[in-house]
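Undergrad: Sequence:
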Amino acid sequence: MDTNRKIRIGGASGFWGDSSLGAPQLVLGGDIDYLVFDYLAELTMAIMAAARGKKPELGYATDFVDVAMRSVLPEIARRRIRVVSNAGGINPRSCGDALAALVRELGLDLKIAVVEGDDVSAQIPALRAAGLKDMFTGAPAPERIISANAYLGALPIAQALAAGADIVITGRCVDSAVTLGPLMHEFGWRATDYDLLAAGSLAGHIIECGAQATGGLHTDWDQVPDWANIGYPVIECAADGSFTVGKPPGTGGLISAANVAEQMLYEIGDPGAYVLPDVVCDFRDVRIEQLSPDAVRVSGARGYAPTDTYKVSATYMDGFRAAGTMVIVGIDAVAKAQRTGEAVLARTRAIFRARGLPDYTATHVEVIGAESGYGPHARARAAREVTMRVAVNHTMKPALEIFAREIAPAGTSWSPGTTGPGFARPSASPLIKQFAFTLPKRDVAIQVTMDGTSVPAPVPVDGGWRAPAEAADTTTAPALPESERLARAAVETVRTPAAGHALVPLVRLAWARSGDKGDNSNIGLIARRPEYLPILLEQVTAAAVRDWFAHMVKGEVRRYRVPGIHGCNFLLFSALDGGGTASMRLDPLGKGMGQQLLDMPIEVPAALAAALEDEASKRQRATQWP
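Numbered by my numbering, the letters in the sequence shown go through residues 7 to 632 in order.
It is possible that some hints are incorrect.
Unchecked claim - Okay, the calculated beta carbon distance ranges per label pair:
1. Trp233 <-> Glu81: 24 to 32 Å
2. Gln545 <-> Arg361: 51 to 59 Å
3. Pro80 <-> Asp468: 38 to 46 Å
4. Asp468 <-> Arg431: 55 to 63 Å
5. Ala504 <-> Ala617: 31 to 39 Å
6. Pro446 <-> Gly362: 44 to 52 Å
None of these hints come from the bench; they were simulated from the model. Ideal Cβ positions, reconstructed from N, Cα and C, are used throughout, including at glycine.
Could you build all of it, start to finish, from the sequences and the hints given here?
TA: Listed below in structure tokens is the structure:
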């Protein structure tokens, strides 16, 4: 093995709907060996399942073929760049067929491989009969499952590349696998090289969300230049698993240790036991070093043997959903909006009763512009321009058609200053929810199809992971009884600092980024300076975070230490009103929870408070955007 050899991989997409900028930018200016795309999320799989239900040839990320590949395919062929993408969704073969048609249209000679086997929906009836339950809630399997897909790993991708594929299309795999697969192939990493697999998985995790690795969603957003031309990430990986994070020259965005650290903690649980199909990763001692203004070095990931199961994400239909809005302007706008929303629900419920229809299965009223999501920490209760939003679920679509008709009359019947948002009447749509479980790897048959020939893609199925003793570096705040939780959610405690001390917002001391896993949210917190970490550990405890989010979080809160980056990761259970499509909140994925936490008041010596204020002022003066 050439220990000096390095592989460059560009991450062109973080979700289905990401900018078309990424692929041409990376192909033309990234000097890359591989171009990878991540398109899938639980919601995306549900959308694709619905699309395939209407047209059997659909069910994949059509943008991958029609937009991304069409824009760069000739140049990819000329530069001999290889492509890996999970754009196949729930119909990878159709995606492969569509891309093959494009290759022929452009007169190119490229080999396309399709990885299949993640679709386990045929096993659902037998699993349901055997007592299948949700891995998080313990609920029994629903009757109307639309899709069920196992999160596959990187080995089948590596096998497809070894067979000569220029482009590999997969269905559901873990996001980082599209990067790990090429690294396994290029460096000959074996299925038992756990530290290397963990390093490659971390590299994939850093770039799996596109521009989030290059300044997107960064706490210090005002320091990130040229959003319009933000660079997409490029990792340059060595055979020992160490890698640098960069971006194409001349692009916007920011490559900083802080932003990469935020992304490392994004959407993971225990940083000492991040479970993936190929390896269980330990990121607690990862080091992130700023090498230059446009390069960050990452090293120190460790790995353990994987589990003997795959996680499976299933989707099912649970009735229908609709949401309506009205804009309200003027004096007492917040109170008027709240009353309007409640009146819409009262009126429609009366109509339901008169027509013999059942009640809503769930309702939610919030006032956008009044910081409804902040609960007792809101500061905008006197806002004079707000949007009333009412979200409702029902078992019957006709009931939601009644709801849709009764939103507009608010403009003439009730509050002064009510106006329409300028949109059409709200429409009812299927309510799709997630159901998660594990399935033994031995029960999932994976195959790779290329040139019309399908061959099995065997993977190790025996697992063997056991949590090491040191992985329990965590503190836990148990869930509060409902009455106590609601009591805490209703009143914000005003802190009085001790003599010689002052309160500062947490953002002065730390960076943060939040994400989701089903109904759970995670918030990664990184100290701006190592000397600030003891303050964070003392005051930003699991219990303090649970209490701060008492208006949202119904379950326990766990805090995990991440000493390598002077940070910690919080996992908040039952925090998202069901999460994803099940949630009725304006922020169903918890993307704003990190920002909300950064408002938490922290007590520090007065001298430090003054110094932090000065640092914040300097950062503001150094703003890089017009």
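Undergrad: Evaluate each hint against the coordinates.
TA: Do the hints match the structure? See the list:
no.: 1; hint: Trp233 <-> Glu81: 24 to 32 Å; result: 25 Å, holds
no.: 2; hint: Gln545 <-> Arg361: 51 to 59 Å; result: 55 Å, holds
no.: 3; hint: Pro80 <-> Asp468: 38 to 46 Å; result: 45 Å, holds
no.: 4; hint: Asp468 <-> Arg431: 55 to 63 Å; result: 56 Å, holds
no.: 5; hint: Ala504 <-> Ala617: 31 to 39 Å; result: 18 Å, violated
no.: 6; hint: Pro446 <-> Gly362: 44 to 52 Å; result: 48 Å, holds
Violated hint: 5 only; the structure is consistent with all others.
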